[in-house]
Structures are given as structure tokens and as C-alpha cells.
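Protein chains: 2
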Amino acid sequence: MIYVISGPSGCGKSTLIRQVLAGLEGVRFSVSHTTREKREAEVEGKDYYFVSQDRFLRLVEKDSFVEWAVVHGAFYGTSRRELTKDRNQDVILDIDVQGAAQVRKKIETAVLIFVLPPSFRELRKRIEKRGLDSALAVRKRLATARKEVRSYTVFDYVVVNDDLETAGRELESILRCRRARLAARQKSLGPILRSFRGKG
Amino acid sequence: MIYVISGPSGCGKSTLIRQVLAGLEGVRFSVSHTTREKREAEVEGKDYYFVSQDRFLRLVEKDSFVEWAVVHGAFYGTSRRELTKDRNQDVILDIDVQGAAQVRKKIETAVLIFVLPPSFRELRKRIEKRGLDSALAVRKRLATARKEVRSYTVFDYVVVNDDLETAGRELESILRCRRARLAARQKSLGPILRSFRGKG
Numbered sequence: 318m319i320y321v322i323s324g325p326s327g328c329g330k331s332t333l334i335r336q337v338l339a340g341l342e343g344v345r346f347s348v349s350h351t352t353r354e355k356r357e358a359e360v361e362g363k364d365y366y367f368v369s370q371d372r373f374l375r376l377v378e379k380d381s382f383v384e385w386a387v388v389h390g391a392f393y394g395t396s397r398r399e400l401t402k403d404r405n406q407d408v409i410l411d412i413d414v415q416g417a418a419q420v421r422k423k424i425e426t427a428v429l430i431f432v433l434p435p436s437f438r439e440l441r442k443r444i445e446k447r448g449l450d451s452a453l454a455v456r457k458r459l460a461t462a463r464k465e466v467r468s469y470t471v472f473d474y475v476v477v478n479d480d481l482e483t484a485g486r487e488l489e490s491i492l493r494c495r496r497a498r499l500a501a502r503q504k505s506l507g508p509i510l511r512s513f514r515g516k517g
Numbered sequence: 318m319i320y321v322i323s324g325p326s327g328c329g330k331s332t333l334i335r336q337v338l339a340g341l342e343g344v345r346f347s348v349s350h351t352t353r354e355k356r357e358a359e360v361e362g363k364d365y366y367f368v369s370q371d372r373f374l375r376l377v378e379k380d381s382f383v384e385w386a387v388v389h390g391a392f393y394g395t396s397r398r399e400l401t402k403d404r405n406q407d408v409i410l411d412i413d414v415q416g417a418a419q420v421r422k423k424i425e426t427a428v429l430i431f432v433l434p435p436s437f438r439e440l441r442k443r444i445e446k447r448g449l450d451s452a453l454a455v456r457k458r459l460a461t462a463r464k465e466v467r468s469y470t471v472f473d474y475v476v477v478n479d480d481l482e483t484a485g486r487e488l489e490s491i492l493r494c495r496r497a498r499l500a501a502r503q504k505s506l507g508p509i510l511r512s513f514r515g516k517g
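Protein chains in written order, with the working numbering: chain A, 318 to 517; chain B, 318 to 517.
For reference, chain A alone in the conformation it holds in the complex (with noise of 0.2 angstroms):
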């Protein structure tokens, strides 16, 4: 099962796409390529795949990726070979809007959900603190993030992060709940099932 989780920049994504990877067994995170710079708290091949232009665009010409999006004069990217490495476990995407509409369109079965924060003005304010921006930066993630809400009708769940436990619990529960559906159950039920049978 593929989730798509993506929210405006600061909405703090990241922090509950971690607690959930801790919290529950049996899902990985989707490594993206991007071409902005690294981070100095992120690691290359755990947090980014981080390229160069030029090599971003060969990959783009080889058809390498299921979505790709430009944002703020940076790319991103997932690779097919990203989703497809191990099939038995769940795996999380962290992406842009437009890149969970292109995996809709891609990917029926992948479950979309949105990030928000409480409010815009608290949104500003965790971007500000965060400190990683100038101010233009700044203003240009606002924008975006204006930008993005518009777009909340294409996620199937929504999950607002007032408080990062609640949320985190939240975002597990899309998780477990997936998992507990019939069609998803559907094959490990057969032993049970069959030990039900013979007569009454």
C-alpha cells in the first residue's frame, strides 16, 4: 500500500511521518531525489537521494520517476524503483501536491492524505521559528502554501496537527486501519476461515 502524505512546507510533516516509521512495524519511507541543497541535519540516501540538475533531467528523460515537481527552483522526484524494492511493506511518500495528484492518476489504490496546520497564522510562525529561510523564503513558502490548500479536495484523509501526538496517533490510525480492511485482509483470513469449516 503506497501513502501519499504532503501539507504546505512547516506544517511539520516530517516530524509525524518519523513518529509513525517508529511507531509501526512493517512500512518504509520513499527516499525522493531532489536537487536543492542538503540540509545539514539530513542524510543523503535517508532523507533525499540529493543530484544535480543535470543528472535529475537524465532520469526525468529515462521515464525513472512515477512523479516529479518543481518546488521553490528545486526538483523532487520518487523513482519506480523506489516503490517497487520491497513489496511487502508499506511505504510512505513525502511529496508536494502536485506531485500526490500525479500518483493518483498513476497509482488508483494509493491513499492520499494532507497535512494542515491549525491555522495559517500558526503556519507562519513555525516556518519563522524554524529559521532555516530568509524572509523572502519566507513569503515564497506562504505563497505556496496558499496555493496547496486549494488542492485539499484530491486526499481521501486530512489530518490537522494542532498537537504533533494527536496528529502522529491520527496518521498511524489511516495506517492500521488500511491494513484492517477486508480486501487488504483478505489473504491472511484463509487459515482462519478454514478452521472454521467441517460440520457445526
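Don't take every hint at face value.
Any copy, or any two copies together, can satisfy a pair, since identical chains are not distinguished.
The list that follows gives simulated cross-link-like pairs (lysine-lysine, DSS-like), each with its CA atoms no further than 30 angstroms apart [as the list claims (entries may be wrong)]:
{"hint": "1", "residue 1": "K363", "residue 2": "K457"}
{"hint": "2", "residue 1": "K504", "residue 2": "K422"}
{"hint": "3", "residue 1": "K457", "residue 2": "K442"}
{"hint": "4", "residue 1": "K446", "residue 2": "K457"}
{"hint": "5", "residue 1": "K464", "residue 2": "K504"}
{"hint": "6", "residue 1": "K457", "residue 2": "K504"}
{"hint": "7", "residue 1": "K504", "residue 2": "K442"}
{"hint": "8", "residue 1": "K363", "residue 2": "K442"}
{"hint": "9", "residue 1": "K464", "residue 2": "K363"}
{"hint": "10", "residue 1": "K379", "residue 2": "K355"}
{"hint": "11", "residue 1": "K422", "residue 2": "K464"}
{"hint": "12", "residue 1": "K464", "residue 2": "K355"}
Keep in mind the hints are simulated off the structure, nothing from the lab.
With chain A fixed as given, assemble chain B onto it according to the hints.
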């Protein structure tokens, strides 16, 4: 939102439901009417409304039930009033498979959850250990269980109650997850979305 929870007698439904009611806000238990005898631990008006067969049949004639069924010689039913008396809360129905199928027909949006023991053998063990039934009654329960299990395909979700804590968390996840669905959340999103409107 209406949640119907069914499963063979002895699968641990009641305990799981108690866990969910204790761990989650905004959800209440739908108290059924029954003509069966009250067990010692049960409380009138909390576990069931215990009524005579005459009274039950009069309620059937007045079309007071959303669903009703005969299980092991006793009548069980969910009154319409029980479902409509508080529309601000989710409601959990603990009813048998026949009742679940009736609810599905009348209330399309109801969420149907089937609880299964890990195996038939384990179910028998649990029912015998509970010590509530005669040998004959145990055999009847098991025969009913075999029949009920065949109806699993009408359900939306299947929870296997191997470990109580895991199964309880899974059941709770289903409720949390349904609340996060876009359609369920749309109303509460209004103020957040409005806060994002404005010039970039």
C-alpha cells in the same frame, strides 16, 4: 457515524468495545433490547434493555427496531431511538451477523467490522473457559460461529483478536481513521481553509 461490530460469540467483541469506549472520546455504545436473561455482571440500561418477549414483539410490530434477530432462542434488537438520541457522537452497535446485514441495507454509510478469533480451536477454548454455557450450549454457539463466519464478506473491516491490546488498538484506529476522512472532516476544515485565503 455508525459502527457495527459483529463476530462469533466468545471472540472478545465486548471487551474490545469497552476498550475503545474507554480510549476514545465522542463515541457511545448502542444499548440493544433483548429477551434473554440478564447475566450477573450485566446492568439494565447499560448492557441491554432486558424486556419480555411480549414487549419485544410489540416493539417489532410498531417498527421500533432498525434491526432485530433471533440468536440462540432469544430476541435481540436495536431501537431507532437508540441510534437517533445523540447525533453528535459516533455510536457502536454490538450485534450479530444477521443484524449487521440489516443495518447495511438500511444505513448505507454504516461501517461494518467483523471480529474473528485467531482460530476455531481458540474460540472453543475461550467459550469453554468462560464457563457460562452447558456442553450443549457450547456446541450450539460453535455451530452458529461456523455459520456466521461464512458471512464475513459483507463487512468492511476484519479485526483478528489474537492479542487484546493489538486488536483493541486496531479497532480504535478504524474509528480514528474514519474521522480523518475528507468527507467527515470537511465541516471542521472551514475555518482553517479560510485562514489561508488572501494575497500570497
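(message) If the cut is 30 angstroms between Cα atoms, do K457 and K442 qualify within a copy, between copies, both or neither?
(response) So K457 and K442 pass the 30 angstroms test inside one copy only (14 angstroms; across, 63 angstroms).
(message) Reference check for the pair K363 and K457, CA-CA at most 30 angstroms: within, between, both, or neither?
(response) within (27 angstroms within a copy, 56 angstroms between copies)
(request) At 30 angstroms max between alpha carbons, let me know whether K446 reaches K457 within a copy, between copies, both or neither. (result) within (16 angstroms within a copy, 65 angstroms between copies)
(message) At most 30 angstroms between CA atoms: does that hold for K379 and K355 within a copy, between copies, both, or neither?
(response) For K379 and K355, only the intra-copy Cα distance (24 angstroms) is at most 30 angstroms; the inter-copy one is 70 angstroms.
(request) Using 30 angstroms as the alpha carbon limit, work out where K464 and K355 are close: within a copy, between copies, both or neither. (result) The answer is within: 25 angstroms in one copy meets 30 angstroms, while 59 angstroms across copies does not.
(request) Could you place K464 and K363 in one of the four classes (within, between, both, neither) given a Cα distance threshold of 30 angstroms? (result) So K464 and K363 pass the 30 angstroms test inside one copy only (29 angstroms; across, 50 angstroms).
(request) Tell me, please, which holds for K457 and K504 at an alpha-carbon limit of 30 angstroms: within, between, both or neither? (result) between (47 angstroms within a copy, 29 angstroms between copies)
(request) Please work out whether the CA atoms of K363 and K442 approach to 30 angstroms or closer within one copy, between two copies, in both situations, or in neither? (result) The answer is within: 28 angstroms in one copy meets 30 angstroms, while 47 angstroms across copies does not.
(request) Have a look at K422 and K464 and pick one of within, between, both or neither, based on CA distance no larger than 30 angstroms. (result) So K422 and K464 pass the 30 angstroms test inside one copy only (20 angstroms; across, 41 angstroms).
(request) Could you figure out if K464 and K504 sit no more than 30 angstroms apart (CA to CA) within one copy, between two copies, both or neither? (result) between (42 angstroms within a copy, 20 angstroms between copies)
(message) Within, between, both or neither: how does the pair K504, K442 come out at a Cα-Cα threshold of 30 angstroms?
(response) Between copies only: 25 angstroms across, 47 angstroms inside.
(request) Since the copies are identical, ignore which copy is meant and state whether K504 and K422 lie within 30 angstroms (CA to CA) inside a copy, between copies, both or neither. (result) Both. Shortest intra-copy (27 angstroms) and inter-copy (27 angstroms) distances satisfy the 30 angstroms Cα cut-off.
Hint check: no violations occur; every hint is consistent with the structure.
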